Each structure stands twice: as structure tokens, then as C-alpha cells.
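Trainee: Each chain is listed here by its residues.
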Amino acid sequence: MTKYEMIQLIGDLLVEIDVMRGSLVPDLLERRELDEFRKTLGRKQRELAGKAFAENSSEYIRITDEILGINEEIKEKIHDVEMAVETISNIGRFLSNVDKLLGIAV
Amino acid sequence: MVIETSHDYFSQLNKIEREIYINEQLSARDTIKLKDIDGVKVFGVEAIEARLNALKALARYGELLVDLANSEASDRLVQEAKGLDNIIVNLDAKIKKIEDGEPDEKFKANVGLVTTVFGEVAGYVIEKEIEKALDAAINKGENPVTDLIAGLSSDLIIAYERRRSMISDMRTKRVDAYNREIAKGSDADAGKLALYAERIKEHEDIWEQFPGSNPEASMDSMIDAHRALVDYAKSDKKPKDFSDLVEAMEVFASRAERIAAAIEAINAEKGDNP
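Taken in order, these protein sequences are the chains called U and F. This note's numbering applies: residue 3 is where the first sequence begins, and numbers increase by one. This note's numbering applies: residue 4 is where the second sequence begins, and numbers increase by one.
Be a bit skeptical, because a hint or two may be false.
[Unchecked claim] Listed next, the stretches of chain F that the computed footprint assigns to chain U, with coverage defined by at least 3 CB atoms under 8 Å from CB atoms of chain U: (1) 13–27; (2) 157–171; (3) 175–181.
[As the list claims (entries may be wrong)] Keeping only pairs whose Cα atoms sit at most 30 Å apart, straight-line, the calculated BS3-like set for lysine-lysine is: (4) F/Lys176 <-> U/Lys46; (5) U/Lys53 <-> F/Lys204; (6) U/Lys53 <-> U/Lys77; (7) F/Lys38 <-> U/Lys41; (8) F/Lys36 <-> U/Lys102.
Hints listed in this document are in silico derivations from the structure and should not be mistaken for laboratory results. Model, not experiment: these values are computed from the prediction. Beta carbons: idealized from backbone N, C-alpha and C, even for Gly.
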């Protein structure tokens, strides 16, 4: 997965998070947590844009594969309001892995 | 036209980052810091200007190539070549002003290769050595031009995704404004509710049209159009060769028009907070 595909993947997730946010009452705890994650993820997307990566390195491939896997878990449950807590937890894991990715920028 | 729409995305990129930051601070009722506004740029001002110049150079080169393939040496062709030469000089000057570091290294390398070829082609045309100009364009131009367009296309992905992020977030904000008012129950202001509902409807229309403004498809067809142009320049200029070229140009033009219309619709909406 290239850096640009990762930026697009994050873009897709931001859109899904926005739909979830817009379906929750603003004062709910889960909503406030989502708002913070959304803000952070948006910033990480922008940060990624300014970095370069050794996209053939095993570390890059390992981390992006991990991100792809977590993304699939999020996609399965993000439309289910009953799974909001688990979804938020997965978004947190997604963000941690994006941080790891940023950590290996060249 | 694809040049104009790409121009719009690049020139708006830092504006969008500023708006995202200011909207975030407003939502959080938090302070705004100028150094943070400066810090949210993806590309520096010089880097954006260089990309806009690169797009201009590509457009002029494309026009020159069409005329080169179809005509013999003429004063008009020489003027076009001199125009391209001036753009290359400006582009080289812009490139030198870009600070070292990502995300510009690959872009600078691509521009270096392209301006060498463009300069050679323009030089031959100015000397009225048309065959040599065509040979240089055909034999040396295809890969550098393709690489430059592909690189700009990748940068446009960034610009498109950042704009998409902002527009998506605005959907949530507009719905929030309505829901906060409705939560007031019998104290909810009917006028405000109607206004917020209208804003949601307008913004959802923009959101629906937005994917149509994605410039990536148009940049792909720009690469195809350039290849078709090079193939035509190599050909014996039979009617089939020309009709293949026209078909590639028409696909390119119709995609570019759809993107331009979508961008116009998006730019018509003011990005104000609800």
C-alpha cells in the first residue's frame, strides 16, 4: 500500500467516523471520544502527506498490513450503534498504528 | 481545463488546512495561534507555485506538440516555443526556492528531467529544426512527462482528500447545529430550525457532487492524451491515426469538463460554520 493509498484509506475512515458522529447526540461520552479521535486522525492524515517512506521495507509493509486489518474490523462494526464502544477502541488502535507508521518516515 | 481544475486544488490546499484548523479551534472554543496556522501547511507557498508553473508548462508543451505534429516551421510555432522557454525559466527559478525536504524531492527531480526535454524541444523549434524537435519530443519526452503528471496526480490526491475531510466534517457540524436546537424542545426556535435544515440540504447536495470533482481520473486521461499525441507525432498521420488521437483528446476533455463543473459547484458554497 502506497502512502497515497494510506491517505485515501484514512480519508474513507474519516468519512465513516463523521457519519457515526453525526448520528450521536453531541453530549454523549462516546461522541466526545469520537470527536477527539477524528481531530487527531485528520491531523495524522495531513502529517503523512508531508512524509516519505521506504514503501518496500518489511517494517512499512508490516505496519500498513496491520492498519489494513484494523480497518477491516472497524468497517464491520462502525454502522452498528450497539458496537460503538468496540469501534472507538479499534479507532484508537488504528491511530496508534498510524503513529508507528509516522515513526518510520525517512 | 484539467490544468485549471488542478490549479484550483493546489492553490486552495493551504486555505483548506487553515479553515480546518480554525473550525476545530472554534468548535472546541479554544485559542487560535498564528504559528499553528502557519504550521498546518502541507506544501510551502513556493512548492505550490512551482506545481502551478509545472501545470502551465505541461499545458504549453501539449499545445506545442499538437502544432508541431501538424505543421511545418512557422513564426507562430517559434513564438509558442519561446513562450514555453520562458515558462521553463520561471519554473526553474521557483524550484530553486523550494526548501530541501519532503514532500518535494521527487517533484523537483521530475521537473528537472522534464525541463531538460522541454528546453531541448523548444530550442529546436526556435532554430526551425522541426524534425529534431519532434524526435526529441517522441524519444525523450514520453517518460519524463508521464512521471511528472503521475507525481502531480499523487499530490492532487492529498489536496482532494484534505478537501474531502473538511467537507465531510462540515456535514457533522451542520447536523449538530440542527440537533442542538431541536434538543431545546418547545423552546426551539422555528426559524433557526428551518435555516439549519436548509443548510443541511445544501451541504448534502455538495457532498453528493463532490466525488465528481476528483481530478485523479482526469490526470490519468491527461497521460493517455499525451501518449496519443506522441503516437500521432510518430505516425504517418493517416486518418485512423488522427481519429485515435481525437478519441483520446475527447475522453480527456469530457472528464475535465465534468470535474470543472463539480469544482465550480463546490466553490459556490461558502464554507461558513453553522
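Trainee: Hints first: check each against the structure and report whether it holds.
Mentor: Quick rundown of the hints versus the structure:
no. : hint                 : verdict
1   : 13–27                : holds (count 3)
2   : 157–171              : holds (count 8)
3   : 175–181              : holds (count 3)
4   : F/Lys176 <-> U/Lys46 : holds, 21 Å
5   : U/Lys53 <-> F/Lys204 : violated, 37 Å
6   : U/Lys53 <-> U/Lys77  : holds, 26 Å
7   : F/Lys38 <-> U/Lys41  : holds, 18 Å
8   : F/Lys36 <-> U/Lys102 : holds, 28 Å
Hint check: a violation occurs at hint 5 only; the rest are consistent with the structure.
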